[in-house]
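Peer 1: Spelled out from the first residue to the last, the chains are:
4 protein chains.
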Amino acid sequence: MTEFAWPVRVYYEDTDAGGVVYHSNYLNFMERARTEWLRALGFEQDELKDKQGVLFVVRSLNIEYYLPARFNDNLIVTVKMTTLRGASMLLEQDVKKENEPGVLCQGKVKIVSLTTSDFSPCPIPAQIQNLIQI
Amino acid sequence: MTEFAWPVRVYYEDTDAGGVVYHSNYLNFMERARTEWLRALGFEQDELKDKQGVLFVVRSLNIEYYLPARFNDNLIVTVKMTTLRGASMLLEQDVKKENEPGVLCQGKVKIVSLTTSDFSPCPIPAQIQNLIQI
Amino acid sequence: MTEFAWPVRVYYEDTDAGGVVYHSNYLNFMERARTEWLRALGFEQDELKDKQGVLFVVRSLNIEYYLPARFNDNLIVTVKMTTLRGASMLLEQDVKKENEPGVLCQGKVKIVSLTTSDFSPCPIPAQIQNLIQI
Amino acid sequence: MTEFAWPVRVYYEDTDAGGVVYHSNYLNFMERARTEWLRALGFEQDELKDKQGVLFVVRSLNIEYYLPARFNDNLIVTVKMTTLRGASMLLEQDVKKENEPGVLCQGKVKIVSLTTSDFSPCPIPAQIQNLIQI
Chain A
1 MTEFAWPVRV YYEDTDAGGV VYHSNYLNFM ERARTEWLRA LGFEQDELKD KQGVLFVVRS
61 LNIEYYLPAR FNDNLIVTVK MTTLRGASML LEQDVKKENE PGVLCQGKVK IVSLTTSDFS
121 PCPIPAQIQN LIQI
Chain B
1 MTEFAWPVRV YYEDTDAGGV VYHSNYLNFM ERARTEWLRA LGFEQDELKD KQGVLFVVRS
61 LNIEYYLPAR FNDNLIVTVK MTTLRGASML LEQDVKKENE PGVLCQGKVK IVSLTTSDFS
121 PCPIPAQIQN LIQI
Chain C
1 MTEFAWPVRV YYEDTDAGGV VYHSNYLNFM ERARTEWLRA LGFEQDELKD KQGVLFVVRS
61 LNIEYYLPAR FNDNLIVTVK MTTLRGASML LEQDVKKENE PGVLCQGKVK IVSLTTSDFS
121 PCPIPAQIQN LIQI
Chain D
1 MTEFAWPVRV YYEDTDAGGV VYHSNYLNFM ERARTEWLRA LGFEQDELKD KQGVLFVVRS
61 LNIEYYLPAR FNDNLIVTVK MTTLRGASML LEQDVKKENE PGVLCQGKVK IVSLTTSDFS
121 PCPIPAQIQN LIQI
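Chains as they are written, first to last, in this note's numbering: chain A, 1 to 134; chain B, 1 to 134; chain C, 1 to 134; chain D, 1 to 134.
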């Protein structure tokens, strides 16, 4: 599967008094990229929830912070699926600066598929499985 | 009615690269104080929603910013009701530093009472009206 | 002056348990649009700060909330300068849904120009004044 | 060393349209608890920065999400130091509901000590090392 990439501009709201992006905000950037990755594949999460009764939630994550991002930086956030199981998937996500080689921060995110009715694990819908395992 | 006051500590998450509290975060602090004011009066907003079908939402606000707050500041956020109508109330809210005279920022907030069913205006529940107009 | 417009997608991070965009997050959206408006005019706020010693900060704001935005909505945030004084400007900013007529929320924002050295008011740099009063 | 515990109330700002606390906000809660843990030991991070030229930053983190927190929940966030090295420490942090046994989410956080001058690793100040290894 090819890697998906999504641009994220850093605004004041994302920074802290240390002059850099506040550490938890990278998680927000990664979630924006996952949302856009699903959208690019043809899936809207609100429709998945309302029509198929399926929610994708973060079950665990592992983040390494290497270098800080700052106000006005134009970041690229990637999404690469590394493991697909019935009710979960592992994604690797990098945050880089546009046109610069280094990785600022790297996440491994486990997403689980839950039913909206009782939040129990359920299979990732087949159409999504088919598309993302290519 | 006496003024309600709620302490808010400033953490890194609240600041921006200018070294001060990011301007929209004062709105969050003000909402924390409103939530605690209602709690001090004996009302939990989740119970109001689930049992009485009533939501309080911000209809408009007016904020003046005078002085910045910084990391580690211990702030005091006040709530004073100035006008009570059937389905709305006007609140004045100040943000100060603990043990310092000046006001950092001042808000006038109009809260409306809505039904959870169709988000149409509805009377503020009588028990709340009775308590807050004293 | 023509009105500037900037798209903002609503992600989960922007919403609250009421199912709608949390009220203070519209202020963040408006600031993103102001940053992009200045960028479109050729000004980067980090350069203004580092090279000219000038900061733009929010001095006051007035927001009216009419209709809620929800997860996945594609919003358009506008910027229109209505008054330009030596050290301040008044901006009107609307938040709409893309391809829909109604205004969700409307802000009047007073921005002041401050020196980075001691945060005292200073003239908005002439090149910016020239560009934005056209 | 005994475990430090800090209460955190969940407000609307912390929740998302799924009705639960947004996943990255637990990182903010954990940082509040770390700040208060250092304060309880007698250290203010702004003084460490200004007087000793030392910053504590998150180098990596590992979070497992088990159960959601909701609006109005009163959470307890713990801090337990598990490893102390010269320029870094590993902390374990749990998020629980007050008066309930289960753990909602669990973090392992690696904090590094950096100089404010060039962000290179530096020893954790001796007074802190002495206090936290007891």
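Just to be clear, a hint being listed does not mean it is correct.
To be verified - Only pairs whose alpha carbons sit at most 20 Å apart, straight line, appear in this in silico SDA-like list of lysine to any residue:
#1 Lys97(D) - Glu36(B)
#2 Lys97(D) - Leu67(B)
#3 Lys49(A) - Tyr12(C)
#4 Lys110(C) - Asp46(B)
Hints are computed from structural coordinates only; laboratory data are not their basis.
Peer 1: Take the hints in turn and mark each one as holding or not.
Peer 2: Structure-based check of all given hints:
Taking the CA atoms of Lys97(D) and Glu36(B), the gap is about 18 Å. The hint holds against a cut of 20 Å. Simply put, Lys97(D) and Leu67(B) have alpha-carbon atoms about 36 Å apart, too far for the 20 Å limit, and the pair is violated. Taking the CA atoms of Lys49(A) and Tyr12(C), the gap is near 13 Å; set against the 20 Å cutoff, the hint holds. Between Lys110(C) and Asp46(B) the CA atoms are separated by roughly 35 Å; this puts the pair beyond 20 Å, and the hint is violated.
Checked against the numbered hints above, the structure violates hints 2 and 4; every other hint is satisfied.
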